[in-house]
Structure formats: C-alpha cells, structure tokens
Amino acid sequence: MKTVFEHPKALSDVLMHYCPGCTHGIAHRLVAEVLDELGVCGNTVGVAPVGCAVFAYNYFECDMIEAAHGRAPAVATGVKRVLPNSVVFTYQGDGDLAAIGTAETVHAATRGENITVIFINNTNYGMTGGQMAPTTLPGQVTTTTPYGRDVKANGHPIRVCEMLATLSGTAYAERVALNNVKNVMAAKRAIKKAFEYQIAGKGFSIVELLSTCPTNWGLAPTDAMKWLEENMLPYYPLGVYKDIGGDK
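Here this note's numbering is used: position 144 in the sequence shown is 193, and no number is missing along the way.
What you were told as hints is all true, and nothing was included just to trick you.
Capping the alpha-carbon separation at 25 Å, the derived lysine-lysine pairs in DSS-like fashion look like this:
(1) Lys51 x Lys231
(2) Lys231 x Lys242
(3) Lys237 x Lys291
(4) Lys58 x Lys231
(5) Lys231 x Lys275
(6) Lys241 x Lys58
(7) Lys58 x Lys242
(8) Lys51 x Lys237
(9) Lys241 x Lys51
(10) Lys291 x Lys242
(11) Lys58 x Lys237
Just so you know, these hints were derived from the structure itself, not from any lab.
Build the full structure now, drawing on both the sequences and the hints.
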C-alpha cells in the first residue's frame with residue numbers, strides 16, 4: 050500500500066505548547082516536510098527565537114541553537130560562515146525579527162548572508178500577552194493599544210518583505226499565509242524555494258507567513274482565520290517581492 054501522508058521525520062513526535070488554533074504548528078510542519086524532501090535534515094542548523102517559538106528546539110530533529118532576543122540572524126550568520134556547507138535557518142516572530150532584531154535582519158540581508166529566514170507575522174507579541182508589535186495593523190486593538198493602533202502616535206506597521214526586497218543582498222522574499230489549504234500549499238512551495246536558494250548559494254532568503262493568534266486576538270480559531278483574510282491580507286498582500294531567479 051502506498052503511503053500518502055505521514056509524520057515528517059524532521060518534526061519531533063512530541064506535544065507542542067502552542068495555543069489551540071495557533072498556526073505555528075502548521076509552519077513547523079511545513080519546514081520539517083521541506084527538510085525531509087530536500088534530504089538535508091542531518092546537515093541543518095536551526096536558530097530558535099525568543100517569543101512563542103522559543104521552544105522550537107524541542108520540535109525539530111535537526112541541530113538547533115537558542116539565540117538571544119532578536120539576534121537569530123547574527124547567530125545564523127556565524128554558524129553559516131563556520132559551516133558553509135550546512136543549511137541554516139532562523140524561525141522568528143514579528144517582535145523578535147521586526148522590533149528588537151530589526152538591525153540584525155536588515156544587515157544580514159544587505160550583506161547577502163546565505164541563510165533562510167522563516168518569519169511568522171501574527172501582528173502582536175504573542176508570548177508576553179498580546180502587546181502592539183511593529184506589524185500591528187492600524188486601528189488594531191492590543192493590550193497596549195486598547196483604543197486601536199493610532200499611526201500618529203505609534204507609527205505605521207512595517208512591511209518586512211517590501212523593505213528587505215530593496216536590499217541588494219536579498220535573493221528571495223515572499224509573503225504567504227496559513228489561513229486555508231491553498232495558501233498553506235503555496236507557503237510550502239515558498240519555504241522549499243527559499244531553502245533551495247540557500248543550497249544553491251544565492252544569498253539571503255526570507256518567507257513571511259501571515260499567521261493567526263486566536264488567544265490574544267480574542268477569537269475562536271475559525272474566526273481568527275477569517276480575521277486574517279479580511280484584515281491582514283489587504284495590508285500585507287501575498288506575493289513574491291524579490292526573486293533573483295537564475296542570477297547569483
């Protein structure tokens with residue numbers, strides 16, 4: 050009998066700590082499936098962040114390193130330069146990557162560091178109680194913006210893929226979403242392409258995954274998916290923002 054579905058070998062067979070309806074689990078599975086398909090799990094080093102995915106080292110069967118808050122790209126840079134033939138990825142949320150880690154992200158990209166960044170955008174600081182993040186939408190209610198994000202007081206949300214696409218060292222930048230089957234399949238293709246670009250030595254790659262946070266959004270999981278579609282997609286359009294293709 051042909052096996053059509055199985056647990057990814059690169060994903061640890063353990064219970065995850067994420068809230069019900071959180072899409073981190075989907076993202077983890079997609080990364081693991083890609084590592085399996087490319088046959089690189091044994092040669093991969095992942096860098097876990099501070100944030101909801103702080104325990105990511107428990108969930109992947111590849112080597113993992115825990116980085117200080119926001120410093121994952123710097124740690125990944127060091128690993129890749131010492132072990133240039135390894136596959137190195139960071140897994141970061143919007144607070145880790147786009148707030149305290151903005152400098153590390155931007156400079157790793159502009160240097161063209163040959164690493165892959167998996168960026169989870171759920172528009173809030175999920176682990177610490179749902180405070181406003183750099184990606185929080187205008188008017189969005191959080192624990193620190195109880196009347197909604199006011200762009201005059203708090204500034205505008207950061208569109209990370211659009212920003213990094215302007216940098217010469219970025220080889221590939223794509224934004225995907227995890228709100229339905231079609232988009233999940235597209236997300237996997239993007240993640241695989243990002244790893245393939247690293248293996249080919251093309252430079253810095255990032256995949257931004259629009260994700261849900263039902264607990265801090267105060268929504269049921271199904272309603273959170275709808276909220277993502279109705280509110281996040283208009284502000285964060287899906288698509289490829291940079292792809293150097295066959296160039297190097």
